[in-house]
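**Student:** Take a look at the letters that make up each chain.
Protein chains: 2
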Amino acid sequence: MSAYVYDLSQGNKDLKDLLGGKGANLAEMHNMGIPVPPTFTITTEACREYLTTGSEPASLAAEIDEHVTSLEQAAGKKLGDAQDPLLLSVRSGAKFSMPGMMETVLNIGLNDASVEGLAAQSDNPRFAYDSYRRLLQMFGKTVLDLDGDLFEDVLDEAKLSRGVASDTDLDVNDFKAIVARFKGIIAEQTGRDFPQDPREQLLAAVRAVFNSWNSERAILYRKRENIPAELGTAVNVCTMVFGNLGSKSGTGVAFTRDPASGAQGVYGDYLENAQGEDVVAGIRNTIPLLDLETIDKAAYDELMSIMSTLETHYKDLCDIEFTVQEGKLWMLQTRVGKRTAAAAFVIACQLIDEGIIDEAEALRRVDGDMLAQLMFPRFDPTAPKTKIAKGMNASPGAATGRMVFDSHEAVDLSVNGHKVILVRRETNPDDLGGMIAAQGILTSRGGKTSHAAVVARGMGKTCVCGAEELDIDVKNRTMKLPDGRMMRAGDIVSIDGTTGEVFEGEVPVVAPPVVQYFEGTLSEEEVAADDLVRSVARIMAAADKFRRLGVRANADNAEDSARARRFGASGVGLCRTEHMFLGTRRSLVERLILADTPDGRTAALEALLPLQRGDFIEIFEAMDGLPVTVRLLDPPLHEFLPDITEITARVAVAEKVGGGASEEDKTLLAAVERLHEQNPMLGLRGVRLGLSIKGLFTMQARAICEAAAERIKAGGDPRPEIMVPLVGDYHELQIMKDAIRRVEREVSEETGVDLTQIPVGTMIELPRAALTAGEIAESAEFFSFGTNDLTQTTWGFSRDDVEAEFFSNYLERGIFKVSPFESLDVDGVGRLVKIAAEEGRKARPELHLGVCGEHGGDPASVHFFDKVGLDYVSCSPFRVPVARLEAGRAAVEDASGSDTR
Amino acid sequence: MSAYVYDLSQGNKDLKDLLGGKGANLAEMHNMGIPVPPTFTITTEACREYLTTGSEPASLAAEIDEHVTSLEQAAGKKLGDAQDPLLLSVRSGAKFSMPGMMETVLNIGLNDASVEGLAAQSDNPRFAYDSYRRLLQMFGKTVLDLDGDLFEDVLDEAKLSRGVASDTDLDVNDFKAIVARFKGIIAEQTGRDFPQDPREQLLAAVRAVFNSWNSERAILYRKRENIPAELGTAVNVCTMVFGNLGSKSGTGVAFTRDPASGAQGVYGDYLENAQGEDVVAGIRNTIPLLDLETIDKAAYDELMSIMSTLETHYKDLCDIEFTVQEGKLWMLQTRVGKRTAAAAFVIACQLIDEGIIDEAEALRRVDGDMLAQLMFPRFDPTAPKTKIAKGMNASPGAATGRMVFDSHEAVDLSVNGHKVILVRRETNPDDLGGMIAAQGILTSRGGKTSHAAVVARGMGKTCVCGAEELDIDVKNRTMKLPDGRMMRAGDIVSIDGTTGEVFEGEVPVVAPPVVQYFEGTLSEEEVAADDLVRSVARIMAAADKFRRLGVRANADNAEDSARARRFGASGVGLCRTEHMFLGTRRSLVERLILADTPDGRTAALEALLPLQRGDFIEIFEAMDGLPVTVRLLDPPLHEFLPDITEITARVAVAEKVGGGASEEDKTLLAAVERLHEQNPMLGLRGVRLGLSIKGLFTMQARAICEAAAERIKAGGDPRPEIMVPLVGDYHELQIMKDAIRRVEREVSEETGVDLTQIPVGTMIELPRAALTAGEIAESAEFFSFGTNDLTQTTWGFSRDDVEAEFFSNYLERGIFKVSPFESLDVDGVGRLVKIAAEEGRKARPELHLGVCGEHGGDPASVHFFDKVGLDYVSCSPFRVPVARLEAGRAAVEDASGSDTR
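As given, the protein sequences belong to chains A and B, one line each in that order.
Taking full-length UniProt numbering, the leading residue of the first sequence gets 1, the next gets one more, and so forth.
Taking full-length UniProt numbering, the leading residue of the second sequence gets 1, the next gets one more, and so forth.
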């Protein structure tokens, strides 16, 4: 048996690695008894050897020869025969579909002698010479690497001199002349005549296909699609069939269902008297596939039968390419068809109904990214638009509103019923109110994990960030467009967070029914009437049935908690308390920071206590009966004060011209200077702050305990868990836990409600915490992996700084396959998660493990978290359905042992 | 056998854990036949049980009774006997000496009846009643927790009314009266009479000693000395012997050699007719021990013989306490004696000479901290001084000079022959020139690992930092003292980096001969004539003989390299290139940063190339024949530009009043804003910068290669190694290595010198690098652990920010035993080092492993690096001898399996 060449009977659909997708599926069809033109496939292994060594394997030519002989026997024709030549096509076909990225050469076998044989046999000299000129043209361009325009110019000239518009209006003499000129071009450009030896043509074409693996466009495509560069392509050498032999011939493409909507029934296009490349080139308009029935019922019926057979066999939507040669149907390709996200859900459910797949398999047919797509609001694609810039698609969705450059203004306008887009160079925690009030956020700086992007995604709010073409001047409330025009506060702008596009004026929006379903605003009848929603509901039910992993939400207020619950969260995995310190409470926090006596500090804390307690009461009520993990204050204190550069400049200017800076500003400046940190990410935060500011964390613990007591007295079932952030050493947690336990006992005594069982745990968000998890677990009753911070410290870069600076460079160079802030870096950060999970559980077998970083809602990361045995993931409310789905998919992936991603 | 009480014959010197140091050594002496008063020891286990449960073990009282009976039998006296009472002392004694931190009660067994017996037996009623009042006083204060002043007041009154100054002038009647009054105080204050039952006295005293383990001063002392809080103390119950029975009696302390200089010959003090506490209280002046020979030759001779025996037995300097009771010598304590650093070296060598210990043991008797002490310049301790403040002892040494507040001024003055102290609120890389020029650095902000401290230690430059009492106003060039006085630029100040003290005016300095020895400025005769220098030389030779670990130096210029070589470095482990970008070259770096075209950037790089090449030529020459590891540029570019706050304020002010900011300032501001990072430590640095700024790292590689080629052509033997900083993923290194290899080939071709074998490696300074070291080692030919950065990212704190903020708090609370920037955190950072070393070596067995963080010169850390099998440590030139010594000590530690630290 040959090593580098396979015939159809040796292949099957599972040999994609070796035979490529096209070759494997042709073999599969052949073996199913479906008519496929006799074909052999040169393996990807041969390609890899060729690409590595620069020449094909020594035995390849002989192997090809041997298989050509088989094709000749099957066809009863001989390659290059002057009477009745066998013609071959040479087609690329890699493991993963790379449509149009690599090369194809048709009509191999034609030469000055055999073209006459083809003319005689087909009784169609025009067809024969048209086929010959096609070979010369493709060979010249693809194999000999000549400029394609040289050939196109000749064709254009011929049409011009004949006064016709289309190739189809040229006759045999025209083509004979064109053939002569094409041969001249080749001889002139390469210094060699076009090879008349068909075997030389064939081998050269095979090499050209190998080489096309590394064409610029192929490399670019692979990078974008994350296809490994080392796979290589297989090459399929097929007996030519012709759809261009007259009205009984034709060619088409089809899907076994509608790939856009998932609706049942075949869906395709047909072109009479044409070859595949004519369909692609769009020379004539295609007709609906259904019309083939009237043209050639027998061929149509056979096609329908084959499509039905394929779908049952592949258990999925298939797409196909076929040719009818004088009434005889040939299948040229099939594969599991690409489809829209909506179609994926609908089809998966149809296939369950049809008994073709089970629920577990249906889960493998969809994914979280698809579901996320279905949840974003979107602009009406048919509406006219004026695009003014393109930034990063930071948080999907479509939003329109008046431009505002200031968060307070955003809140004011929004309260008065206006829709606004918050426009900033970049955002900071102070903009939160404005971000909540706005329909969307547009920034000119920062990447996909900038503050604006992260917070927006967390809120399910549309965001375009880093739109650098826009010159945003916050002070003058203007935005200069690339063409020099100026937009001003109050002007209407529309932003598409799915594409990153920014439009002038209003673009109408389409609201997604899937979100309405999750929100519970659709009636049962409405769900039943909508194929997509019904399918999503069914898939979600399956995911919930299979999944082992719990899904909680990151929510800081009652509204988000309630939404998370509607979206299927089984608790709050991360309730950040810093947002409770902003807005109108900022003045209290300033008092706390500026307090220069213990009494002053105590007074400020006491003023904050009832406000925090109120927050918790609302959240516990919204999540009644479900756990709420409250993280004690994490960010450094100076985040609550003005920026040092801003206030320094203000004071300096006031000192020079304003008659001196105000005492208030001077005090503030002194505090800002005192608290200023070179690297706030690595500064006085989290538990360090709790250990430094006496009473801060215990005030928060007291607010939690008192809120819980109040809820219990009101007949509720609050389930708080207290989480200490940024622990790096077990002592830190132990000291804090002791203090929290004291507060629990105090409040228990004061209220008469037993609160001493509130779990106390910690974030694992520093490498050292992961590396000493065994010690930390002695005190911690739960771990929650803060994978955002853990990624920052493990890699040593802060997402505020690096993403815009070098992430795109790193992605382009292949250092990152995907941003480690988007998908968990399994080798580095993941290893720490695994170490901590294992050693934590070893020290405390009942240790509860969760994750509350952004990765909790990322499909690939969810699978990893499932695999390392975490108990739950927590993500933003809007990502909860995605996480539920992926948790279900992870479960069936685990069960089947195959990776569905 | 009893569980909680040991008699002397059951103990020995190795049972310190159980019997404490005093108890173990008393047993040892007893078993050597040395006269020790009959004693039993209550174990630390009993103490721990007492401290945990709040009461002593149930069996303890009975065990004590049993052992008291043995003491009674040995003495032929009975406790509390009215005719001839046995008296006991109750003394604390923990595993580690905690001098004066815990309690002692003497004369247990005296009561109203037995005091008369003692008076009769001793024929000295005054002595008996003095002893009784001492018991009452100690018991009242220590056991009953009464205010000691109550008793002192009575004594003072008695002396006053008798018109005498000293207790010794009071007679028996005075003491009888005092005893009565003391008993009154006890009854009045406690509501109970002083217990007449000697066994009740004894048990209460034992409990008091247990309790004193947790006295405030004991807790504080343990924290400072890193003694674990859970050890507890043993209690020694000794038969009383009396040095206060007249002129044939006395008490003393002694060392077997001079603990200050190490000089041979006994050294001690003696006090006639006195008890131990009188020596401590300093009531009378002691006489030199030698004078005992004339007072009581027999006792003296016996003592000399015992001291000689002890030294031979303990193989070390011993200190002892003894009492002579009416001509009979009793040993009350011995232990291996504390000594100065100088004495430690001298004695260790004497003991080798005397054949008592071998060289390996001598290495265990000294350590790197001691050696470091011997290397610092110091103020003459006898000189008069005016102290004005105390800061942190950041970098040891003693420096005097004129105050300058500006680095340029420092350089100017220094060039003109003036000694200066650079005075700043804090320093930054721009101050480097000034720091080099200055004798020492004084700052009012920042901790022991602030920029000033780290750089100063690296340079062996004296530094006091964080002297917060001083109000430093750089703009007005003044320093306000705590008393309100003002010092100005040009005033003389002296700083002691060993104590952190700051003095007004000049304090004369003593230059350390050990440094002169390392510098090679002492003749052989001078070395031979100086006990200390000779001993240090001998110990260093032993360390070099034993050590496995190489020692290199961190050096950025030829001068440091040459010094490092003199100090015994076998190469440069870290040659930072950023310092080569400062000073007069800053303008070139600014050009590079501000260049807005590729050509402009190339031009700037080309201008830098010959300068860098020149730097390397000098360094390679200084280190000819030895490896020089050059780290490519690490810090973010904005470190070469002005501070954002400063320039923003300057531009803002100029815009308001100065008629507009200059174009230059505006351009600079724009660049500063563009490059500004929230967390520069986690930003665009190291290899990220190299991958972003085209040509930067290859320019540096070219400068290295060209310098090497030039040195080779000049007959030299340069051994450069190129180190890529801040690698987190193997792709980063691979891309850079490919680029460096290209440069090597280019320069090889251009110069005709083969440079293609220059090793290329990486820093391991990010957790991810350690976690993926196996992959990185595929490209890296060496690893150098950057433990400073690795500590920062593993713990998630930046040393710029945290040390002043919460490190002292963390040290106080016991979260840190020692700052992880000072000594490597073995559990967290060390685990990463271990993982990387193991997995790196697995992937590439010949991988060379070193460390170039500050920890490379830290004694404890050196031992760890030796244990995990690194090939070398690299540290600042001044730490090289310390590292050599510790590497030697680590080797003998490994060999013996015992931990010498």
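Rather than coming from a laboratory, the hints here were simulated on the basis of the structure.
Incorrect hints may appear among the rest.
Note that the list lumps identical chains together, so a pair holds whenever it fits in one copy or between two copies.
Subject to a maximum C-alpha distance of 30 angstroms in a straight line, what follows is the list of computed DSS-like cross-link-like pairs (lysine-lysine) [unchecked claim]: (1) K656 - K419; (2) K817 - K842; (3) K694 - K666; (4) K842 - K338; (5) K141 - K176; (6) K223 - K737; (7) K834 - K817; (8) K694 - K737; (9) K666 - K475; (10) K475 - K656; (11) K297 - K694; (12) K842 - K867; (13) K737 - K159; (14) K390 - K297; (15) K385 - K842; (16) K867 - K834; (17) K694 - K223; (18) K328 - K385; (19) K656 - K666; (20) K78 - K475; (21) K694 - K817; (22) K385 - K545; (23) K656 - K13; (24) K176 - K328; (25) K387 - K475; (26) K842 - K737; (27) K475 - K176.
All figures in this text were calculated on a predicted structure; none of them were measured in a lab.
**Student:** Taking 30 angstroms as the upper bound on the Cα-Cα distance, should K385 and K842 be classified as within, between, both, or neither?
**Tutor:** neither (59 angstroms within a copy, 59 angstroms between copies)
**Student:** Evaluate K176 and K328 at a C-alpha cut-off of 30 angstroms and name the case that applies: within, between, both or neither.
**Tutor:** Only inside one copy: K176 and K328 sit 29 angstroms apart there, 134 angstroms across copies, limit 30 angstroms.
**Student:** Taking 30 angstroms as the upper bound on the Cα-Cα distance, should K834 and K817 be classified as within, between, both, or neither?
**Tutor:** Intra 21 angstroms, inter 28 angstroms, cutoff 30 angstroms: intra and inter.
**Student:** Give the relationship of K328 and K385 under a CA distance limit of 30 angstroms: within one copy only, between copies only, both, or neither.
**Tutor:** Close neither inside one copy (48 angstroms) nor across copies (111 angstroms); limit 30 angstroms.
**Student:** What label fits K694 with K666 when the C-alpha limit is 30 angstroms: within, between, both, or neither?
**Tutor:** within (25 angstroms within a copy, 44 angstroms between copies)
**Student:** Please sort K817 with K842 into within, between, both or neither, judging by C-alpha distance up to 30 angstroms.
**Tutor:** between (33 angstroms within a copy, 26 angstroms between copies)
**Student:** Could you place K737 and K159 in one of the four classes (within, between, both, neither) given a Cα distance threshold of 30 angstroms?
**Tutor:** neither (86 angstroms within a copy, 56 angstroms between copies)
**Student:** How would you classify K387 and K475 at a CA-CA limit of 30 angstroms: within, between, both, or neither?
**Tutor:** Answer is within; shortest intra-copy Cα gap is 25 angstroms, inter-copy 52 angstroms.
**Student:** Could you place K694 and K223 in one of the four classes (within, between, both, neither) given a Cα distance threshold of 30 angstroms?
**Tutor:** Classified as between: cross-chain Cα gap 22 angstroms, same-chain 52 angstroms, threshold 30 angstroms.
**Student:** My question is about K694 and K817: at a cut-off of 30 angstroms on alpha-carbon distance, are they close within one copy, between copies, both, or neither?
**Tutor:** Between. Shortest inter-copy distance 22 angstroms satisfies the 30 angstroms Cα cut-off; intra-copy 45 angstroms does not.
**Student:** Checking K385 and K545: alpha-carbon separation at most 30 angstroms within a copy, between copies, both or neither?
**Tutor:** neither (44 angstroms within a copy, 81 angstroms between copies)
**Student:** Can you tell me if K842 and K867 fall within 30 angstroms by alpha carbon in one copy, between copies, both or neither?
**Tutor:** both (17 angstroms within a copy, 27 angstroms between copies)
Consistency with the previously given hints fails for numbers 1, 4, 11, 13, 14, 15, 18, 20, 22, 23 and 27, ordered from lowest to highest.
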